[in-house]
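A.B. asks: The lines below spell out each chain.
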Amino acid sequence: MIGNDIIDFTLFLKETNWKRPNFLNKIYTVKEQEQILNAPDPPVLIAIFWAMKEATYKAHHRKFSLPRKYNPSNYECSLSEKEVNGIISGDIKILDNKYAAEIWKSETFIHCTAKASEVKIFQKIYKEEVDIKSEIITHYSDFKPLNPLDFSIRKDENYIPQIFHLEEELNVPFSISHDGAYSAFILALTNS
Amino acid sequence: MTDKEIVEKIKKIVTPYTQNKPALENFDENTDFINDLKINSANLVDVILDVEDEYNIEIDNDSMNEMLTVKDAKRIIESKLAAR
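So the sequences go chain by chain: A and B.
Taking our numbering, the leading residue of the first sequence gets 1, the next gets one more, and so forth.
Taking our numbering, the leading residue of the second sequence gets 1, the next gets one more, and so forth.
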């Protein structure tokens, strides 16, 4: 199962008052807080960990069809030391589950994907206003290929977006994220 | 403190973080912070910290897990005030 998260980093720097008392300990584990406070540039790590938690939340809740919950500090992030081709890797633990993360960090955005197991994905990041649902449908129907007009995206009872073909829910692993000027989606490339 | 006063106070707290301002016109107990008001999940922490400051209470992690609607916030505030 997969999840993603995009952060408009310019907006994040402007709107996040991370020095506010108790802000960090509501969201981050003790270990994460130590790393943040010792980092040369704390906001970068704050945003990276946040994106990892959000992306993993989406993958985890989709995997187990879980109702909503606001529990960011239950997601424990760790990062590998090295950055390979501009991609930072890491992993996230939530209860007994482990997810692998890949983080793409630019000057202006941070995008994270989280995966429960190895799967090939298609990903797209937009820096303009876009109808992300129709973008996903266009790409998904192209892969099949089927008529895009027969597809729709709606949220299920747990507020998790699902792709429907005609009226049938497809259980396609995908994830959507918006923040500020940015939108992104990921779609698993499977035969199902 | 009456229910109505708490709901009004919550409305005042969430207003600066609300991205979908028109939804504030129909603000009531059933208003959902994320789905209706489009508060982003990072700002939800600010809402929780503002509630703590306003009422001088501590919202523990278990309570924070459930802070999704105005009704949830009201219930948590009332129970923390009662436990003081």
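What the hints contain is simulated information worked out from the structure, not anything from laboratory work.
Be aware that a few hints might be false.
Unchecked claim - In silico EDC-like pairs for lysine to aspartate or glutamate, Cα to Cα no more than 16 Å straight-line: (1) A/K26 with B/D28; (2) A/K26 with B/D32; (3) A/K105 with A/E83.
What the hints assert, rightly or not - So these bits of chain A aren't anywhere near chain B, every CB distance computed over 10 Å: (4) P21; (5) N22; (6) A39; (7) K69.
No residue lacks a Cβ here, since even glycine has one placed at the ideal position from N, Cα and C.
A.B. asks: Does the claim that A/P21 lies outside the interface with chain B hold up, using a Cβ gap greater than 10 Å?
C.D. replies: violated (8 Å)
A.B. asks: Beyond 10 Å on every Cβ pair: is that true for A/N22 relative to chain B?
C.D. replies: violated (6 Å)
A.B. asks: Would the pair A/K105 and A/E83 pass a check requiring their Cα atoms to be no farther apart than 16 Å?
C.D. replies: This hinted pair holds, its Cα atoms lying about 10 Å apart.
A.B. asks: Do the alpha carbons of A/K26 and B/D32 lie within 16 Å of each other, as the hint requires?
C.D. replies: violated (20 Å)
A.B. asks: Mind verifying the non-interface call on A/K69? Its CB should be farther than 10 Å from each CB in chain B.
C.D. replies: Given a closest Cβ separation of 5 Å, the condition is violated.
A.B. asks: Check whether the Cα positions of A/K26 and B/D28 lie no farther apart than 16 Å.
C.D. replies: Answer violated: A/K26 to B/D28 is near 26 Å, above 16 Å.
A.B. asks: Mind verifying the non-interface call on A/A39? Its CB should be farther than 10 Å from each CB in chain B.
C.D. replies: Per Cβ check, A/A39 is outside 10 Å of chain B; nearest 18 Å; holds.
When held up to the earlier numbered hints, the structure conflicts with 1, 2, 4, 5 and 7 and fits the remainder.
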